[in-house]
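*Asks:* These are the residues of each chain, in order.
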Amino acid sequence: MVMSQTESAFADAQSLEQDIAVSVQGVSKNYGAVEALKNMSLDFPRGQLTSLLGPSGCGKTTLLKIIAGLLKSDTGKIIVNGKPVTGPGPNRAFVFQDFALLPWASVMRNVAFGLELRGVAKSEREDKAAKYINDVGLAGFEGAYPHELSGGMRQRVGLARALSVDANVLLLDEPFSAVDEQTRRKFQEDLLALVANENKTFIFVTHSIEEAVYCSDQIALLLPRPSRVHEIIRPNINRAIGVESIRRAPEYLDIVDQIWASLRAYVE
Amino acid sequence: MKHRSLLLKVLSALLVFGAWEIAGRIPVSYAFPTFIESMTALARMTFDGSIFVAYAETLKPLITGVAISTVLGIGFGLWIGLSTRFEWLFSPIFIVMQAAPLAALIPLLVMVYGIGLTSKVFVVCIMSMPVIVLSTSSAVRNTPASMKEMAKSFLAKDRHILLKIIIPAASPVIFSGLRLGVSAGFIGAILAELKITPTGVGDIISYSRSIADYPSMYAAIFSIILLAVLFLNLLEKTENILFKGNDRGYVSD
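From first to last, the protein sequence lines stand for chains A and B.
Start counting the first sequence at 1; every next residue gets the next number (full-length UniProt numbering).
Start counting the second sequence at 1; every next residue gets the next number (full-length UniProt numbering).
Just chain A, with the same shape it has in the complex (with noise of 0.2 Å):
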């Protein structure tokens, strides 16, 4: 790491005072013959943003899978809030690569989702889904259906569902992936806000090294064959400076450098 050595002991101790929220350990997956994760190990402090970086193939998705609990692992255990995750739970929201949502329901429906799988009343739920709708800036879209959508506006749509239901851990799994360039910078810079204004933790699978340091708290660097976490890195970026200059602070680019360092080598 660029740091000194005084700086990256100051940041242990701080992650070693800090509140978990999920925490990761020992996990395994195998699918068949290939090893997904290798007695994965690796805490999440609440209220910050977790990036989980790496090469193609290295289980990023695999690992945010078994949080989210759609996934078994075969060893270790997850435990989010101080309890094991057996399956799906409320405390947990998903925001998925490909938006997944539902074609034949509106802007609404889709939003209001999560909460009618919970059997929250209709009014009820769309008083607070046509909130989530108005924070992610989709006012006047309710009735739209998704294929009206631009791809930046249906991720927006699967973000406000997950919003919605009020899970204290959003699990994102490269969401950004499927949405052009200029809707990415434009999201990257609101979900530094979300992270400010909503005291939730954030997992966020990505595997652009630029988005990882521009966003995260702290960033985890996986290494595929077999699957580990290589280093833990925090930024420590100072965001006060304004989301327009991050990108020209020295200490983003350099961060962006190192990590590059690290991944060439896997990268075929």
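Since the hints were made in silico from the structure, they are not lab data.
These numbers come from a predicted model, not from an experiment.
Idealized CB from N, CA, C, for every residue including glycine.
Careful: at least some of the hints might be erroneous.
Derived BS3-like pairs (lysine-lysine); straight-line CA-CA distance at most 27 Å [claimed, not checked]:
1) Lys65/A - Lys195/B
2) Lys83/A - Lys157/B
3) Lys65/A - Lys9/B
4) Lys77/A - Lys200/A
5) Lys237/B - Lys9/B
6) Lys72/A - Lys38/A
7) Lys83/A - Lys65/A
8) Lys157/B - Lys122/A
9) Lys148/B - Lys200/A
10) Lys9/B - Lys131/A
11) Lys9/B - Lys128/A
12) Lys148/B - Lys122/A
13) Lys148/B - Lys128/A
14) Lys77/A - Lys148/B
15) Lys164/B - Lys131/A
16) Lys237/B - Lys77/A
17) Lys200/A - Lys72/A
Among the chain B residues that face chain A by a calculated CB cut under 7 Å, a handful are [to be verified]:
18) Met147
19) Glu149
20) Met150
21) Lys152
22) Phe154
23) Ala156
One-sided and incomplete, this derived list gives chain A residues near chain B with beta-carbon spacing under 10 Å [unchecked claim]:
24) Leu70
25) Pro84
26) Gly87
27) Pro88
28) Asp98
29) Leu101
30) Arg118
31) Ala121
32) Gly158
33) Arg161
34) Val165
Given the structure of chain A, go ahead and fit chain B onto it with the hints provided.
*Replies:* The following block gives chain B in isolation, referenced to the frame of chain A:
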């Protein structure tokens, strides 16, 4: 745009009927009446009411058979699509049913169930059920995995996934299976009346042929085609009302 598509429909109908009229006037065959003769015969049967009496008879096996095929077909299709074990058990039956030469099986049906309504309903069902079952089951099996996963992550129970994800996602293919099944049912109903006992529309067709009243025979055939087309349109309307938004394309495409 809508105006233009209507214009094209009218134009296409005029072309077909015009060709029919010309072919009847040449004539291509002694047994081939002109369009105008056939329509006159249809009007005559409509005014003396004989066509309604005939349809009252024909619609009995048709509607019973199509209703049974729809309910049982979709039920079996869902079950086969959801359970692999059930697929092994029942899917071959419907594939055989679909491939079987029905006309050759009719004597068997008559021996078992007689010449009454039961045999005719069976013929309609054998014609229409397999395609409904097979398209429903394949639609269910091809539900996008990411939608099911999404529902699961938002705490859906199994019945939620079936009612709120699988059935709406499968409905376009289920309905296209229904359309094929219903058209096959129409064929089955007429086949039954021609092969088992001549009643209803089948009776008009075979009786007018035997007395060489070809305009009436073609009028009866024309009317059954017209009814099938109207029924299929009605089905499409129902689909659009029931599953609004499904005609709007898939997001993940």
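*Asks:* Does Lys128/A sit within 27 Å of Lys148/B, going by the straight-line distance between their CA atoms?
*Replies:* Distance of about 24 Å is within 27 Å: holds.
*Asks:* Would you mind confirming whether the straight-line C-alpha gap from Lys83/A to Lys157/B stays at or under 27 Å?
*Replies:* holds, 22 Å
*Asks:* So, Gly158/A near chain B? Judge it on the closest CB pair being under 10 Å.
*Replies:* holds, 9 Å
*Asks:* Less than 10 Å between beta-carbons is the criterion; does Pro88/A satisfy it with respect to chain B?
*Replies:* holds, 5 Å
*Asks:* Hey, Lys237/B versus Lys9/B, does the alpha-carbon distance stay inside 27 Å?
*Replies:* Given that 27 Å is the threshold and the Cα spacing comes to 18 Å, the pair holds.
*Asks:* Under 10 Å is the threshold here; is the Cβ of Arg161/A close enough to any Cβ of chain B for the hint to stand?
*Replies:* Status holds, d = 8 Å.
*Asks:* Interface hint check: Ala156/B, Cβ to nearest Cβ on chain A, cutoff 7 Å. Holds or violated?
*Replies:* Ala156/B check passes; min Cβ-Cβ to chain A is 5 Å, inside 7 Å.
*Asks:* Once the shortest beta carbon distance from Asp98/A to chain B is found, is it less than 10 Å?
*Replies:* Check passed: Cβ of Asp98/A comes within 5 Å of chain B, closer than 10 Å.
*Asks:* Is Lys77/A close enough to Lys200/A, meaning Cα to Cα at most 27 Å?
*Replies:* holds, 22 Å
*Asks:* Holds or violated: is there a CB of chain A closer than 7 Å to the CB of Phe154/B?
*Replies:* holds, 4 Å
*Asks:* So if I understand the rule, the pair passes when the alpha-carbon distance is 27 Å or less; does Lys77/A with Lys148/B pass?
*Replies:* OK: Lys77/A and Lys148/B at ~24 Å, within 27 Å.
*Asks:* Close enough to count: is the Cβ of Met150/B nearer than 7 Å to one in chain A?
*Replies:* Status holds, d = 4 Å.
Consistency note: the structure conflicts with the earlier hints numbered 1, 3, 10, 11, 16, 25 and 31.
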